[in-house]
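Visitor: What follows is each chain in one-letter form.
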Amino acid sequence: MGLLSILILTPLAGALILAVSRGMSDETVKRFSLALTLVLFGVSLALLTELPGFESSADYRFTEELKWLPDWGIGYRLGIDGLSLWLIILSTLLTPISLLGSWTSIDSRVREFNIFILILESAMIGVFCALDLFLFYVFWEAMLIPMYFLIGIFGHGRRIYAAVKFFLYTMAGSALMLVAFLVLYRETGAQSFALEDLMKTPIDPSLQMWLFLAFALAFAIKVPMFPFHTWLPDAHVEAPTAGSVILAGVMLKMGGYGFLRLAIPLFPVAADQAAWGIAFLGAIGIVYGALVSLVQPDMKKLVAYSSVSHLGFVMLGIAAFSPMSVVGASYQMLNHGISTGALFLMVGMLYERRHTRLIAEFGGLRNVMPRFAAVFLLVCLSSIAVPGFNGFIGEFLILVGAFSFSPGLVMVSTLGVILSAAYILWMVQRVMYGEVTNPKNANLPDLNPREWATLLPLVFLSLFMGVFSSWFTPSIEKPVLKIIRDARVQVTVHQMRTRALPRVATPPAEESR
Amino acid sequence: MMDIDLLPVLPSIIVSLAGIVVLLAGAFAGAGLAACRNLGSAGLLGALLVIMFAPSDGNLGGAIMAGVYSAFVQVSILVVAIMAVWLAAARLDDDEVNPHEFFALMLFSVVGMLGLATAAEAISLFVALEIMSVALYAMCAMPRTGPERQEAGIKYFITGAFSSAFLLFGIALLYGASGSTTLAVMARGVSEGSLLALMGAAFFFVGFLFKVGAAPFHMWSPDVYQGAITSVTAFMAAGVKIAAFAALGRVVAIALGDLSGSWAPAVALVAAFTMVVGNLGALAQTDLKRLLAYSSVAHAGYMIAGIVGMDNVSVTARAQSLEALLFYVATYAITNLGAFGILIAIRRNGAEPRVTTDLRGLASRNPILAAMLTLLLISLTGIPVSVGFVGKFHLFKAAVAADYSGLAAVGVLMSVVSAYYYLRLVVLMYMEDAEEGTEFRTEPGFVPSIIAFAAALTFGLGLFPAPLLALARAAAASLF
Numbered sequence: 006m007g008l009l010s011i012l013i014l015t016p017l018a019g020a021l022i023l024a025v026s027r028g029m030s031d032e033t034v035k036r037f038s039l040a041l042t043l044v045l046f047g048v049s050l051a052l053l054t055e056l057p058g059f060e061s062s063a064d065y066r067f068t069e070e071l072k073w074l075p076d077w078g079i080g081y082r083l084g085i086d087g088l089s090l091w092l093i094i095l096s097t098l099l100t101p102i103s104l105l106g107s108w109t110s111i112d113s114r115v116r117e118f119n120i121f122i123l124i125l126e127s128a129m130i131g132v133f134c135a136l137d138l139f140l141f142y143v144f145w146e147a148m149l150i151p152m153y154f155l156i157g158i159f160g161h162g163r164r165i166y167a168a169v170k171f172f173l174y175t176m177a178g179s180a181l182m183l184v185a186f187l188v189l190y191r192e193t194g195a196q197s198f199a200l201e202d203l204m205k206t207p208i209d210p211s212l213q214m215w216l217f218l219a220f221a222l223a224f225a226i227k228v229p230m231f232p233f234h235t236w237l238p239d240a241h242v243e244a245p246t247a248g249s250v251i252l253a254g255v256m257l258k259m260g261g262y263g264f265l266r267l268a269i270p271l272f273p274v275a276a277d278q279a280a281w282g283i284a285f286l287g288a289i290g291i292v293y294g295a296l297v298s299l300v301q302p303d304m305k306k307l308v309a310y311s312s313v314s315h316l317g318f319v320m321l322g323i324a325a326f327s328p329m330s331v332v333g334a335s336y337q338m339l340n341h342g343i344s345t346g347a348l349f350l351m352v353g354m355l356y357e358r359r360h361t362r363l364i365a366e367f368g369g370l371r372n373v374m375p376r377f378a379a380v381f382l383l384v385c386l387s388s389i390a391v392p393g394f395n396g397f398i399g400e401f402l403i404l405v406g407a408f409s410f411s412p413g414l415v416m417v418s419t420l421g422v423i424l425s426a427a428y429i430l431w432m433v434q435r436v437m438y439g440e441v442t443n444p445k446n447a448n449l450p451d452l453n454p455r456e457w458a459t460l461l462p463l464v465f466l467s468l469f470m471g472v473f474s475s476w477f478t479p480s481i482e483k484p485v486l487k488i489i490r491d492a493r494v495q496v497t498v499h500q501m502r503t504r505a506l507p508r509v510a511t512p513p514a515e516e517s518r
Numbered sequence: 011m012m013d014i015d016l017l018p019v020l021p022s023i024i025v026s027l028a029g030i031v032v033l034l035a036g037a038f039a040g041a042g043l044a045a046c047r048n049l050g051s052a053g054l055l056g057a058l059l060v061i062m063f064a065p066s067d068g069n070l071g072g073a074i075m076a077g078v079y080s081a082f083v084q085v086s087i088l089v090v091a092i093m094a095v096w097l098a099a100a101r102l103d104d105d106e107v108n109p110h111e112f113f114a115l116m117l118f119s120v121v122g123m124l125g126l127a128t129a130a131e132a133i134s135l136f137v138a139l140e141i142m143s144v145a146l147y148a149m150c151a152m153p154r155t156g157p158e159r160q161e162a163g164i165k166y167f168i169t170g171a172f173s174s175a176f177l178l179f180g181i182a183l184l185y186g187a188s189g190s191t192t193l194a195v196m197a198r199g200v201s202e203g204s205l206l207a208l209m210g211a212a213f214f215f216v217g218f219l220f221k222v223g224a225a226p227f228h229m230w231s232p233d234v235y236q237g238a239i240t241s242v243t244a245f246m247a248a249g250v251k252i253a254a255f256a257a258l259g260r261v262v263a264i265a266l267g268d269l270s271g272s273w274a275p276a277v278a279l280v281a282a283f284t285m286v287v288g289n290l291g292a293l294a295q296t297d298l299k300r301l302l303a304y305s306s307v308a309h310a311g312y313m314i315a316g317i318v319g320m321d322n323v324s325v326t327a328r329a330q331s332l333e334a335l336l337f338y339v340a341t342y343a344i345t346n347l348g349a350f351g352i353l354i355a356i357r358r359n360g361a362e363p364r365v366t367t368d369l370r371g372l373a374s375r376n377p378i379l380a381a382m383l384t385l386l387l388i389s390l391t392g393i394p395v396s397v398g399f400v401g402k403f404h405l406f407k408a409a410v411a412a413d414y415s416g417l418a419a420v421g422v423l424m425s426v427v428s429a430y431y432y433l434r435l436v437v438l439m440y441m442e443d444a445e446e447g448t449e450f451r452t453e454p455g456f457v458p459s460i461i462a463f464a465a466a467l468t469f470g471l472g473l474f475p476a477p478l479l480a481l482a483r484a485a486a487a488s489l490f
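First to last, the sequence lines map onto chains A and B. Using this note's numbering, you'd call the opening residue of the first sequence number 6 and step up by one each time. Using this note's numbering, you'd call the opening residue of the second sequence number 11 and step up by one each time.
The hints are simulated quantities; they were obtained by calculation from the structure and are not laboratory data. We treat Cβ as the ideally placed atom computed from N, Cα and C, and that holds for glycine. Please note that a few of the clues may not be correct.
[Claimed, not checked] The calculated lysine to any residue pairs, modelled on SDA-like cross-linking and capped at a C-alpha distance of 25 Å, are:
(1) A:K487 - A:L56
(2) A:K487 - A:D202
(3) A:K445 - A:L382
(4) A:K170 - B:T367
(5) A:K170 - B:V286
(6) A:K205 - A:K487
(7) A:K170 - B:T296
(8) A:K170 - B:V287
(9) A:K170 - A:T235
(10) A:K72 - B:G470
(11) A:K205 - A:G84
(12) A:K170 - B:A381
(13) A:K170 - B:D443
(14) A:K72 - B:F474
(15) A:K72 - B:L473
(16) A:K72 - B:A480
(17) A:K445 - A:V373
[Claimed, not checked] Derived contacts from chain A toward chain B, CB cut-off under 8 Å, selection only:
(18) F172
(19) L183
(20) V184
(21) V188
[Said to hold, decoys possible] Derived CB-CB ranges, DEER-like:
(22) B:R451 - A:R27: 17 to 25 Å
(23) B:A466 - A:S110: 28 to 36 Å
(24) B:D297 - A:I423: 54 to 62 Å
(25) B:A487 - A:M501: 39 to 47 Å
(26) B:R451 - A:L21: 26 to 34 Å
(27) A:T235 - B:A52: 55 to 63 Å
(28) A:G162 - B:R364: 26 to 34 Å
(29) A:P232 - B:A182: 53 to 61 Å
(30) A:I423 - B:R364: 58 to 66 Å
(31) B:S459 - A:H360: 43 to 51 Å
(32) A:R27 - B:A44: 26 to 34 Å
Start from the sequences, fold in the hints, and give me the full structure.
Guide: Next comes the structure, spelled out in structure tokens:
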């Protein structure tokens with residue numbers, strides 16, 4: 006069994022153990038899953054032993070292939086490149102952190118909670134490893150169910166509404182993608198669902214657009230791209246902290262990842278034609294998300310809408326499709342996972358202390374919990390992409406890389422950078438600074454060791470990735486360059502063909518004159 | 011004496027004899043519920059063993075065609091029937107139904123279903139259909155004391171008789187066009203697509219679409235499903251689907267395949283309409299059995315997509331579509347039976363759960379049953395990893411291959427709609443609490459293990475469908 010299979014199956018096995026061992030106390034269940042996910046994080050670091058390989062070529066590594074439904078050309082095909090490598094490590098990192106983060110806030114149905122988180126982790130890793138469309142779809146959909154339960158059982162107020170909305174939205178998006186898979190399968194005649202085989206046959210450009218749109222809908226909802234984002238604030242606000250961290254930290258990344266791994270390589274001509282539209286929606290998302298964040302009275306909702314804005318950058322970078330912007334977008338996906346994950350954790354900590362997330366309820370917390378305030382400021386600076394933090398690298402690469410694609414959109418998007426400073430810092434100011442006006446806030450305890458343990462790795466990473474970005478980017482660059490090169494070749498071929506036709510057709514017309 | 015090989019009909023003979031024995035034992039020896047149940051399931055098991063260990067490919071003078079196809083279908087029917095017998099046995103006393111009458115009728119109905127699986131000739135097909143249906147009409151009206159049972163029985167009888175008339179008329183027209191009632195001969199007679207043949211095919215389809223509850227011929231099914239006792243509904247929902255679709259699949263494969271260009275677009279419309287009506291109808295239901303009835307209408311729509319997928323120039327592709335249909339119908343039957351089983355297994359404050367909110371808070375009282383029902387519902391929705399997903403994937407793959415991508419798109423979008431009402435049950439079980447003083451009791455004995463079998467199969471075949479797919483493939487290929 007390969008390393009990737011171990012990563013996918015271990016959490017599943019853990020979930021199974023939890024499901025059958027009824028005697029375990031809640032404390033044991035928590036310790037068991039935390040230990041398991043920590044070990045899994047360690048195992049996932051073993052993927053880095055191949056880092057030189059990831060930096061030198063875009064080939065898939067750690068590949069595995071088992072026959073599953075050979076008659077339909079469906080296999081258990083796994084493999085990762087530099088693009089998926091870091092996203093997998095992000096998933097294995099955020100899972101134990103979110104478990105630790107909800108150590109005390111989840112006090113009933115603990116076993117179920119841990120089972121769902123473990124199943125979720127396994128499906129998330131699976132999505133990033135799958136090199137077979139069927140397998141990809143299985144993991145993609147399998148993610149929905151545990152997340153649905155996490156929101157629906159452990160969420161707040163309107164949890165059921167949010168859970169059902171999340172589920173239906175995401176499933177509706179991916180439903181048409183499934184039909185597109187089948188049409189693709191028919192058109193290529195490859196008798197295989199392996200990504201590699203399907204990419205060999207270029208699809209007729211007129212059909213490409215339909216298929217691309219079906220894929221793009223699934224991924225745009227996941228990202229979420231304006232105007233498909235409406236499920237996100239609901240899901241985030243009602244989800245428990247662990248759910249929000251994983252949702253924002255990992256699951257939203259699958260939209261961007263899906264574009265880069267599937268939609269663009271499979272349908273480059275259509276992607277090229279749709280690029281401007283996607284970039285446009287991305288830019289709208291940046292500004293819209295930021296503006297809506299500005300007026301949120303609820304911190305969690307503010308962070309949720311800021312995700313819409315941040316992910317708009319990712320979409321802009323992908324659509325601009327220059328090496329720099331796409332690397333920036335991929336990097337930004339990691340950054341967003343870390344900084345937004347940390348923000349959700351900290352909002353969750355405040356909620357645990359005060360059972361409210363309304364900004365107006367707080368004020369002057371710096372006087373009461375100085376350490377919390379300091380860390381919060383660092384996390385916020387990372388989120389608004391201050392130089393020296395990780396977010397800066399990502400947004401800078403995206404904006405510079407996208408400039409030649411559309412200076413106008415970049416200028417609009419830069420507005421988002423400014424706005425993000427405005428809404429985040431304004432929130433920091435209202436929550437942390439000033440005098441303690443609300444007596445309920447007078448005696449809040451500062452960060453405890455458990456909370457330090459959840460936050461430190463994320464704060465460290467946001468600084469580390471801001472300074473030592475060259476440690477990460479070479480491995481991301483390779484697959485990105487390959488995707489861009491392959492797509493450009495097909496687009497050029499298509500353009501030459503469509504341009505060549507009139508030239509052939511004109512001479513006879515001239516003769517007749 | 012004529013030399014007739016009775017082996018191909020031996021399973022039917024065994025089941026009929028078992029039915030007669032049950033009836034007589036109940037009437038004269040006063041055999042109780044347990045005895046009738048054991049006798050009945052012994053008969054079904056005997057038939058199952060004959061099919062598995064003494065397979066036959068006889069044709070009884072052309073009236074039937076036993077073989078891999080009929081074996082696959084008959085095994086599915088018998089497995090479903092055995093499960094249904096044990097489910098029903100848990101409840102018949104509460105329902106005040108005479109066990110020997112009930113089980114005898116059930117066995118007779120199974121005889122009809124087995125006949126539908128083998129019928130290779132229009133008259134034997136019709137007779138088998140009637141044997142199945144007449145027994146079911148009577149079962150729906152059991153027990154005689156309940157007015158809603160009477161209503162269900164009468165409704166089912168009238169619409170059933172009506173649809174039989176359509177079917178018979180269709181057969182007559184096809185006979186007129188081809189000069190034969192044998193499917194293989196019929197195929198040659200109708201292949202040119204004369205008006206007579208087309209009308210015959212149309213009436214034939216209408217008759218069958220009535221039976222499987224396709225829209226717009228589905229009106230009877232919610233009322234009948236709700237009115238009949240749950241043991242009957244469960245058996246009917248599962249068994250009739252398998253038998254009717256198996257027979258329809260055979261007729262289309264053998265006799266009407268060459269005409270497919272003429273009827274398939276219309277049938278595709280019916281399929282799409284059925285999916286829409288079933289799923290949207292289910293959204294509005296509060297009664298559990300009506301909900302499952304509409305869901306079963308929706309699933310009939312998916313299955314008809316498998317018929318539509320046979321409109322393909324490639325013979326291999328036609329066989330694949332039939333394979334998808336067989337796989338789907340067999341697995342759906344078991345999944346659905348499991349879902350009905352939950353209604354039989356649970357007693358809420360001493361009564362069967364009737365409306366959806368009766369399931370509220372089940373997960374905290376009986377986590378295992380709730381988890382199993384969730385698994386079954388996930389499969390009915392068609393979410394991986396479950397057999398329902400594999401089945402739908404296969405059906406829609408065939409539809410797309412036959413260039414009915416639009417139908418596949420309607421199918422997947424309607425699956426999303428179905429997620430709403432199936433998930434609502436999950437919401438009620440897991441995310442809401444039961445009212446104070448609600449008491450859930452689980453039926454002791456075999457019922458939970460039958461549900462567990464269905465759930466395990468649903469999950470196991472979702473993960474490793476290849477063995478069953480291979481069987482379905484062999485079965486479907488044997489007709490081409």
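Visitor: Please go over all the hints and tell whether each is borne out by the structure.
Guide: A quick look at each hint next to the structure:
The suggested pairing of K487 of chain A with L56 of chain A holds, with an alpha-carbon distance near 17 Å, which does not exceed 25 Å. Taking the CA atoms of K487 of chain A and D202 of chain A, the gap is about 17 Å. The hint holds against a cut of 25 Å. The straight-line distance between the Cα atoms of K445 of chain A and L382 of chain A is roughly 22 Å, inside the 25 Å bound, and the hint therefore holds. Taking the CA atoms of K170 of chain A and T367 of chain B, the gap is about 20 Å. The hint holds against a cut of 25 Å.
With a C-alpha separation of about 20 Å, the suggested pair K170 of chain A and V286 of chain B falls inside the 25 Å cut-off, and the hint holds. About 15 Å separates the Cα atoms of K205 of chain A and K487 of chain A, which keeps this hinted pair within 25 Å; it holds. For the proposed pair K170 of chain A and T296 of chain B, the alpha carbon gap of about 20 Å is at most 25 Å, so the pair holds. With a CA separation close to 22 Å, the supplied pair K170 of chain A and V287 of chain B stays within the 25 Å bound.
The hinted pair formed by K170 of chain A and T235 of chain A meets the criterion: a straight-line CA distance of about 9 Å does not exceed 25 Å. For the given pair, K72 of chain A sits about 17 Å from G470 of chain B by alpha-carbon distance, which is consistent with the 25 Å threshold. Of the pairs offered as hints, the one joining K205 of chain A and G84 of chain A holds, with about 18 Å between alpha carbons and a cut-off of 25 Å not exceeded. For the hint pairing K170 of chain A with A381 of chain B, the CA-to-CA distance comes to about 22 Å; that is within 25 Å, so the pair holds.
For the hint linking K170 of chain A to D443 of chain B, the alpha-carbon distance of about 21 Å falls within 25 Å, and the restraint holds. For the given pair, K72 of chain A sits about 11 Å from F474 of chain B by alpha-carbon distance, which is consistent with the 25 Å threshold. Distance check on the hinted pair: K72 of chain A and L473 of chain B sit about 12 Å apart at the alpha-carbon level, within 25 Å; holds. For the given pair, K72 of chain A sits about 15 Å from A480 of chain B by alpha-carbon distance, which is consistent with the 25 Å threshold.
With a CA separation close to 11 Å, the supplied pair K445 of chain A and V373 of chain A stays within the 25 Å bound. Proximity of F172 of chain A to chain B holds as hinted, the smallest CB-CB distance being about 6 Å (cut-off 8 Å). Because the smallest distance between the Cβ of L183 of chain A and any Cβ of chain B comes to about 5 Å, under 8 Å, the interface hint for this residue holds. A hinted interface residue such as V184 of chain A counts as satisfied when its beta carbon comes closer than 8 Å to some beta carbon of chain B; here the least separation is about 5 Å, so the hint holds.
Residue-level restraint check for V188 of chain A holds (minimum Cβ-Cβ distance to chain B is 6 Å; threshold 8 Å). In this structure, R451 of chain B and R27 of chain A meet the distance hint of 17 to 25 Å, their C-beta atoms being roughly 21 Å apart. For A466 of chain B and S110 of chain A, the hinted distance range of 28 to 36 Å is satisfied, since their beta carbons lie about 35 Å from each other. Against the hinted window of 54 to 62 Å, the Cβ-Cβ separation of D297 of chain B and I423 of chain A comes to about 57 Å, which satisfies the hint.
Under the hint 39 to 47 Å, the C-beta atoms of A487 of chain B and M501 of chain A, about 45 Å apart, fit the expected range. Between R451 of chain B and L21 of chain A the beta carbons are some 29 Å apart, a value that agrees with the proposed interval 26 to 34 Å. Between T235 of chain A and A52 of chain B the C-beta distance comes to about 59 Å, which sits within the given range of 55 to 63 Å. As the Cβ distance of G162 of chain A to R364 of chain B is approximately 30 Å, the hint placing it in 26 to 34 Å holds.
For the pair P232 of chain A and A182 of chain B, the supplied restraint of 53 to 61 Å holds, since their beta-carbon distance comes to about 57 Å. Between I423 of chain A and R364 of chain B the C-beta distance comes to about 60 Å, which sits within the given range of 58 to 66 Å. Taking 43 to 51 Å as the suggested C-beta distance range, the pair S459 of chain B and H360 of chain A conforms, at roughly 45 Å. In this structure, R27 of chain A and A44 of chain B meet the distance hint of 26 to 34 Å, their C-beta atoms being roughly 33 Å apart.
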